[in-house]
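Chemist: Chains A and B, in that order, give the protein sequences. Residue numbers for the first sequence follow my numbering, so the first one is 1 and each next one is one higher. Residue numbers for the second sequence follow my numbering, so the first one is 326 and each next one is one higher.
Since the hints were derived computationally from the structure, they do not count as laboratory data. From a predicted model like this one, the values you see are computed outputs, not experimental measurements. Fair warning: there could be bad hints in the mix.
Derived DEER-like restraints, expressed as beta-carbon distance ranges [what the hints assert, rightly or not]: (1) B:Met383 with A:Val82: 58 to 64 Å; (2) B:Ala379 with A:Pro273: 51 to 57 Å; (3) A:Gly66 with B:Gln551: 41 to 47 Å; (4) A:Val82 with B:Ser526: 45 to 51 Å; (5) B:Ala489 with A:Ile89: 39 to 45 Å; (6) B:Gly592 with A:Leu70: 41 to 47 Å; (7) B:Arg505 with A:Ala286: 42 to 48 Å.
We treat Cβ as the ideally placed atom computed from N, Cα and C, and that holds for glycine.
The lines below spell out each chain.
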Amino acid sequence: MIDLVGYGAFFLTTALIFSLVTLGLNLQWGLTGLFNVGLAGFVAIGAYTSALLTTPDDPTRLGGLGLPILVGWLGAMFVGGVAAALTGIATLRLRSDYLAITTFGVAVVVQLVALNAQKLTGGPFGIGFIPRPFGGLAETPLLFNLSNLAIVSAVTLAAYMALEHLTRSPWGRVLKALREDERAAISLGKSARFYRVQAFAVGGAIMALAGALQAHFIGFIAPDNYLSILTFQVWVMLIVGGSGSNAGAIAGSVLVWAIWAGSGALTSVLFAPEQQARAASLQIVAIGVMLCVILLVRPNGIFGERPRRARFGKRTKATASESGS
Amino acid sequence: MSLQFVVDGLLTGSMIGLGAIGVTLTYSILRFSNFAHGDFMAWGTYATLAVVGAIAAMFGKVAPIAPLSFGWPLIVALVVGAAFTALLALLLDKVLFSRLRKQEQAIIAVMGSFGASMALRSLLEFIFTSRPTYFSRAIQIAMPVGFGIRITPDQIALLLLTAALVLGVHLLATRTQTGRSMQAMSQNPALARIAGIDVASVVRVTWVIGAALACVAGVMIGVLVQIRPLMGFDMLLPMFAAAILGGIGSIPGAVLGGLIIGLAEAGAVQLIGAEWRAAVSFVILMAVLIVRPIGLFGVRER
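Next comes chain B alone, as it looks inside the complex (with noise of 0.2 Å):
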């Protein structure tokens, strides 16, 4: 068995980390799990290609970054997109999740994010119809970095990226104030609001981090894959197996749950098929919610 399969799975496992961020935080945060969080992705995906290709017309083609296949336009599409997906999730809260929130069952506000995933997804297919797309078609070479393995220098920056994102955003959630209120809502949201914790506030910033870095998530699977209205409902449910096996709320836990699921599935793919690579993330999240529901990281609910 080559080991080539550790870039794999740490490549897909990024992917999933990133967007298991964002599950995490709404289940804790805002109690309930978001089934439009893919589309949250494809949709972010899909407004980075949009900017790119006005980049281009505006400034006719752009030489790539060196060793890279993509230049400057998709950093700025990047943040262009992620902008946008905050903005997209921050509307679907203020006319959807903020009503259903406030009904009696929780699982209400489920039911309409999948109400919602429908919509969004197929609302992608009427726009940009369901042939898979790509951000560049150039063919990278990838490089031996011994051990048998090769990557690509896109790889490596997006790796790259992904660690910075998530030190970003461990450091947010433990340093700052707005983590801290974070925290505080998620672990006991009435004792938050008596302790004067501005509760709108610290729901924004859940859908903008979490939107922000499903797009970004969105971006690299465009980047090193392939560009699908179905791509995001695709990772659903890998995000929710890693949030859940790293523990709902821990923001390492969704990474480190990510990384698991996606070098589970890079180990599947060469040792069964990249047929029932799906079947991964449901076994290890059967065994998760057998063996130990609150996952690595979790803390029992009160």
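This is chain A alone, in the form it adopts within the complex (with noise of 0.2 Å):
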């Protein structure tokens, strides 16, 4: 009993975490309409920001400053958000197909930073010691793994609130009118640009704290544990939950993180050791293509409640878009 506690603690606390990248996804997907699939770039961003910022000296790489966690917290978002902005800043007067494929590039940079800059990084190896918050309690892994859950929620909570009231104040119906009809909204002295780069700041910045969050949790990196994969689940979350809804979000985030975990636990059970790595790159392949009929069935989300220009003229808008522009 006491260990499906700490198991369930331990499996929210996970998808809290993913729930956090998602609601970052959502700013800038769901509310502003930008694509990013190097996502897991600014999660490795933040990750490492706050692994380096607050671990101890470490002689055989770079820093280790030995910062309290809520510094490296707040640093990562920094880097992060930055990063985020400066991406913004090169591609969002282009098409929007050049912002995915900056962003792809930017996690392919990122994982050869992590991979190679070792003095910086630890390599392949990764950063480990990474200060836990209440460390004191990891004898007893049930109090451990529930003031964990404690933290996580609470960090999540917040975001959820402050992108809920962002969402509703004037910043965030001018991002609304931007996507819903861009001509509209500059005709009306927004700078599409100008917005859209400060939403695609905070996105980065909400990834990059949950990559903190979630390395403080583990309290050790790799490089491995930011490869596409990540992007990919985190689509995946945001499509189910419904793009543009923060609670739908979340609620996503926790439905396929169980349906991750759960189908993980199958095939363990199910296939032989050996067996287990082929396994997994099915259970991939079913996620892709439940990503894809979810995409040709309901493209706003399992639990997305409305559809996108529910206006009149958006048959004019459809065939105008199909046949180009």
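If you follow the hints, you should be able to join the two separate chains into one complex; please do so.
Modeler: Put into structure tokens, the structure is as follows:
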């Protein structure tokens, strides 16, 4: 029973960290319509920044400043936000595909730096001894897991409330206006690029914060944690939850993570150890097909409440963009 | 600095360029960046490998053609593999992309291609495992050709093949009715439709050319480097960078972009180190996007 509660807390903590990434993506994609296929890179930036700021001094690599965890988190948000802002500034005046390709490139480069800049990131072996909040409770796993869950829940809740507030604020309304009808918003004097860069940067900062939270929760990070599969999982979470809705982003994350962890547990029971790597790839195939099916059948997500552009004139809009513009 | 990097760069550049032709055509005619293009590459290579295996099972061991490391089975298999890749692309278009392209936002198709890419790649890992394989384990002796450059017969053959294919596709795109229809579609789809161009057939030709060339590029990687399920995914960034550097929609641009990136990568491997190779395309991509987003031969979007 105790084990089950402990596992439940561990599961929820991971799911909520994913929710945080999904919330960041929802701000970028759901609210602003910016396509980020390199979010694993921004999560990694946050994790590494926080790890470098807070770990004890390590002679084999740079950094290890030994600062408080909170400083690490803020630093992660700052660096992640700046990285996202730079990406945005470079590409947001161009067609949306260019942003997708550039973010993809960011993830590749971050992965490369994580693997090769041994002096900074510890290379393929990653960084260990990342201080954990309530590390003193590690002897009693249940208490440790529960207190971690409490912290992660609090951060996620704060992010959720802040985002809900932002969505309804004048700032959020400009973003929506830009997404729905760019020309009309621009004609009202709103700088499309400026607002989009802001949204992209805030989204990136939230993702980086999630990366930092996870690093401090596990206590160890390595480049393998931030492969494109992470990007993919978060996209599925957002699409399942219904892009545009913050609550949907959280629900989708918990649901998809439950499916993921459940099917992972199932394959480890059903398949012999030497077949498990193959079975794991089948798991990804299934999720990939699921993403495509959702996009085909319900592009607004399973819980997506309202269709985008639910206005009159929708038909003409659709035919116009179908024939290209 | 030895001049060997020129040969290495031209070879990498050929692979990137052949792949980038497909990327640039999909982008300009079907209007979305296809993240599954790299996986067409990998699927084509594995299909070719499977056909080579089947031929070996039927005819026994076939001696390679004199100086090359491969014999006729690989050539036959390449043709079959390219056809298979083209069919795969057409099938994916039928079940997925054609429907996603009809939706309001073009970016939905990009997202779908991202999901398809993940599924295709993992399916390859499931079938063939992630262990690398090879077409041939024979070691070729590189011949010195002066200036400290060495080249193997395989490399010469593949460079010639690339040149022939690029010339062929270029002639197809500029000298035939099909090619002109494709240009019309990329410049103004609505007008092309009004002018009576068969849109469905242009879409099919686009997929077939892109996928077949991706297969050839993949087999080149297989012959010269190794075959892995991730081989295509790793080429994605260089291919996108090449297509954008060359200017979206331009076939010569894509090839030239590929060669530039290949040469830059090979130069970086010598100067900085092989581990930073993948960053080269990103640096070039960013430079192009900041300085000249329409690329070398691009036209401003209307």
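Chemist: Evaluate each hint against the coordinates.
Modeler: These are the hints, each one checked on the structure:
In this structure the supplied range 58 to 64 Å holds for Met383 (chain B) paired with Val82 (chain A), their Cβ-Cβ distance being about 60 Å. Taken as a hint, the range 51 to 57 Å is violated for the pair Ala379 (chain B) and Pro273 (chain A), whose Cβ atoms sit roughly 31 Å apart. Checked against the hint of 41 to 47 Å, the C-beta distance between Gly66 (chain A) and Gln551 (chain B) comes to roughly 44 Å, which is consistent with it. One distance hint, 45 to 51 Å for the beta-carbon pair Val82 (chain A) and Ser526 (chain B), holds here, with the actual separation near 48 Å.
Between Ala489 (chain B) and Ile89 (chain A) the C-beta distance comes to about 43 Å, which sits within the given range of 39 to 45 Å. Distance hint for Gly592 (chain B) and Leu70 (chain A): a CB-CB separation of about 45 Å, consistent with the stated range 41 to 47 Å. As the Cβ distance of Arg505 (chain B) to Ala286 (chain A) is approximately 43 Å, the hint placing it in 42 to 48 Å holds.
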